[in-house]
Amino acid sequence: MLKDRLSIAGKKFNSRLIVGTGKYKSMSECAKAIKLSGAEIVTVAVRRVNITNKKKPLLMDYIDPKKITYLPNTAGCFNSKEALRTLRLAREIGGWKLVKLEVLGDKKNLFPEMIETLKSTEILTKEGFKVMVYCNDDPLMAKRLENAGAIAIMPLAAPIGSGLGILNKVNIRIIRLQTKLPLIVDAGLGQASDATIAMELGCDGVLVNTAIAKAKKPFDMALAFKNAVLAGRQSYLSGRIQKNLMGKASSPTEGVI
Amino acid sequence: MKKIKKIKIKLNGREKLINDNLRIQTLIKDLKIPLKKVAIELNQEIIDKKKLNKIKIKKNDKIEIVHFIGGG
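Residue numbers (my numbering), protein chains in the order written: chain Y, 33 to 289; chain G, 5 to 76.
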């Protein structure tokens, strides 16, 4: 069997699980969870350097950007201007062109502001960025993002950090059927089986942060997500059986005594 | 001895007094910030790291130094 790998912007990855690096108790906990998850891509945020406390540990000291692909994210940006500023700074830090765009529209539900997201995707693509775009589970908007130059579509499963799992499987399936771009469910997953479902719907990957970082046992959950993604992918590629309203016996009726 | 003039700037959102005519590179060095791991903005414009030794900080300049931290 040919190696089934995730391809993003021409780069190949063995793992289809992308993990966030926020909300962990410590940097070392975060680094260990990432290792156990097998993830090769991690999302990171751009923030001010702490000038007063220089002893604060640095992310790069724990997660080597030469070994793990950093995916700078615009989490916390509420308009195009903020998002563009953040990603241009991210690129300046170390030449990162592969980025995750996330423009939020509401502080309570954290849903994406899609008009600003679309606008930003166009501008960033023109500037040479490879933009993975966090979006609503809306097939029409996903199509527009693709036309605007997005290199990956990242629809939410549910509101960020909610742990509600995939709320609209139909839409995810429709988006899957309409695009050849990498489709990665991002946000809202609560447990490992949610990742399996995403993969069985035909997604190319999932992005998880809170469900691992805030689990009672983050290391065990990281491992659970790793296995769940593998199981879901294998299940998808194996081709599931048809659904039937009535039962179909597994044992032959011939020769019944 | 000639007294060095001090100027007020905003560094990462906080007011700071620094020596007049200080170059950005010297400021970064004084703060012991690893240049390879950060990006620098001067008055909302990204500064090319190669040009840091050429730019002198002026009164009321706004400097932002950012890096990567954990995030979702």
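Just so you know, the hints here were simulated from the structure itself, not pulled from any lab data. Hints may be right or wrong, so weigh each one.
DSBU-like, lysine-lysine: derived pairs with alpha carbons at most 30 Å apart [what the hints assert, rightly or not]:
(1) K87/Y to K41/G
(2) K7/G to K20/G
(3) K87/Y to K54/G
(4) K41/G to K98/Y
(5) K55/Y to K41/G
(6) K201/Y to K44/Y
(7) K33/G to K20/G
(8) K66/G to K54/G
No experiment lies behind these values; they were computed from the predicted model shown.
Now the hints, each set against the structure:
no.	hint	result
1	K87/Y to K41/G	holds, 15 Å
2	K7/G to K20/G	holds, 18 Å
3	K87/Y to K54/G	holds, 26 Å
4	K41/G to K98/Y	holds, 13 Å
5	K55/Y to K41/G	holds, 21 Å
6	K201/Y to K44/Y	holds, 27 Å
7	K33/G to K20/G	holds, 16 Å
8	K66/G to K54/G	holds, 19 Å
Checked against the numbered hints above, the structure violates none of them.
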